[in-house]
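**Q** Here are the chains, one letter per residue:
There are 2 protein chains.
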Amino acid sequence: MTDFTHKEKEYFMAQALKEAQKSLAKEEIPIGCVIVKDKEIIGCGHNAREELNQAIMHAEIMAIEEANTKMGNWRLPDTALFVTIEPCVMCSGAIGLARIPQVIYGANNQKFGAAGSLYNILRDERLNHRVEVETGILKEDCASIMKDFFRKRRIKKE
Amino acid sequence: MTDFTHKEKEYFMAQALKEAQKSLAKEEIPIGCVIVKDKEIIGCGHNAREELNQAIMHAEIMAIEEANTKMGNWRLPDTALFVTIEPCVMCSGAIGLARIPQVIYGANNQKFGAAGSLYNILRDERLNHRVEVETGILKEDCASIMKDFFRKRRIKKE
Numbered sequence: 001m002t003d004f005t006h007k008e009k010e011y012f013m014a015q016a017l018k019e020a021q022k023s024l025a026k027e028e029i030p031i032g033c034v035i036v037k038d039k040e041i042i043g044c045g046h047n048a049r050e051e052l053n054q055a056i057m058h059a060e061i062m063a064i065e066e067a068n069t070k071m072g073n074w075r076l077p078d079t080a081l082f083v084t085i086e087p088c089v090m091c092s093g094a095i096g097l098a099r100i101p102q103v104i105y106g107a108n109n110q111k112f113g114a115a116g117s118l119y120n121i122l123r124d125e126r127l128n129h130r131v132e133v134e135t136g137i138l139k140e141d142c143a144s145i146m147k148d149f150f151r152k153r154r155i156k157k158e
Numbered sequence: 001m002t003d004f005t006h007k008e009k010e011y012f013m014a015q016a017l018k019e020a021q022k023s024l025a026k027e028e029i030p031i032g033c034v035i036v037k038d039k040e041i042i043g044c045g046h047n048a049r050e051e052l053n054q055a056i057m058h059a060e061i062m063a064i065e066e067a068n069t070k071m072g073n074w075r076l077p078d079t080a081l082f083v084t085i086e087p088c089v090m091c092s093g094a095i096g097l098a099r100i101p102q103v104i105y106g107a108n109n110q111k112f113g114a115a116g117s118l119y120n121i122l123r124d125e126r127l128n129h130r131v132e133v134e135t136g137i138l139k140e141d142c143a144s145i146m147k148d149f150f151r152k153r154r155i156k157k158e
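Chains A and B are the protein sequences, given in the same order. Note that the UniProt record's numbering numbers the first sequence so that position 153 is 153, with each residue one more than the last. Note that the UniProt record's numbering numbers the second sequence so that position 136 is 136, with each residue one more than the last.
So here's chain A without its partners, still in its complex pose (with noise of 0.2 Å):
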């Protein structure tokens, strides 16, 4: 597991939030990943859904796509995973299948999230890959970029 200050944790999220701007700008729900080896990024990825019509076109599987390919390895160890938002059903198996150890997320997803809301499939002792979970860098701040995008398509809507 990589050792990293409250800093570099910051600095990480940051990217990731930077990832997330680049979904809002395609009006698609905001949500952005990093995928971080001996403190280099190593995969990025943003929401793409709508823009590409692909279901699984979330933040982490676009970041885990990238980091396969760049380590010509569909084994991650060694890397931590920076999201914005707790990772859903499928993004929590896929990062379990990436053999990702470490994930650290801004804000919970009470509707959604599968690493500690609605499931805890990162630290399931049945699955055979187990991720140390971390949670609340620029939680502020990564929250209040969804609540602002789901307030504006409300009243687009209204």
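Honestly, the hints are just simulated from the structure, not real lab data. Treat the hints loosely; a few may be bogus.
Any copy will do: because identical chains look the same in the list, a pair fits if it lies in one copy or spans two.
No farther apart than 30 Å at their CA atoms in a straight line, the calculated lysine-lysine pairs in the DSSO-like style are these [claimed, not checked]:
1. K70 <-> K39
2. K156 <-> K39
3. K147 <-> K111
4. K7 <-> K37
5. K70 <-> K26
6. K26 <-> K156
Predicted, not measured: the structure shown is a model, and the values here were computed from it.
Since the structure of chain A is already known, use the hints to place chain B on it.
**A** Here is chain B on its own, set in the frame of chain A:
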């Protein structure tokens, strides 16, 4: 929900088994999947994790991507997903995200299955999409291709 005859279900599961054979030919865990709309196949997939070096490249994910591309839509209403083995956590999450209403799988996966074995994600009342699930179609064929694969792999390692 599509109303399939038993013969039709066996036909589409046989197509999924043909997909699983593609994995087997590349010495990958042999799981195959087809997605059907109006009784026509709109997406095929086979497990290709090792070949493509992508942790997420399970049969269901490959089939969902193909169906999304073909339909030009991340939503797949009025479709049925046939897969030889019970979907894992990631794939069960992906099936929900793609709004697939119907899943038919061959054999259970006691170790990783998330459609009844370890989890029951496809029928979770808390999530915003629920799926009609049926199992047991060509169960012996779907299970035996897996057993043969793992038996041969064990012998190879000894």
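**Q** Each hint: holds or not?
**A** Each hint, compared with the structure:
In this assembly of identical chains, K70 and K39 lie within 30 Å of each other by CA distance solely inside one copy; the values are 15 Å within and 39 Å between copies. For the identical chains of this complex, K156 and K39 are neighbours neither inside a copy (41 Å) nor across copies (38 Å), given an alpha-carbon limit of 30 Å. In this assembly of identical chains, the alpha carbons of K147 and K111 lie at most 30 Å apart only when taken from the same copy (14 Å versus 38 Å across copies). Taking identical chains as interchangeable, the C-alpha atoms of K7 and K37 lie at most 30 Å apart only when both belong to the same chain, with a minimum of 16 Å there against 51 Å between chains.
Proximity of K70 and K26 under a CA criterion of 30 Å is satisfied in both settings, with 26 Å inside one chain copy and 22 Å between copies. Taking the shortest Cα distances, K26 and K156 sit within 30 Å of each other inside one copy (15 Å), while across copies they are farther apart (50 Å).
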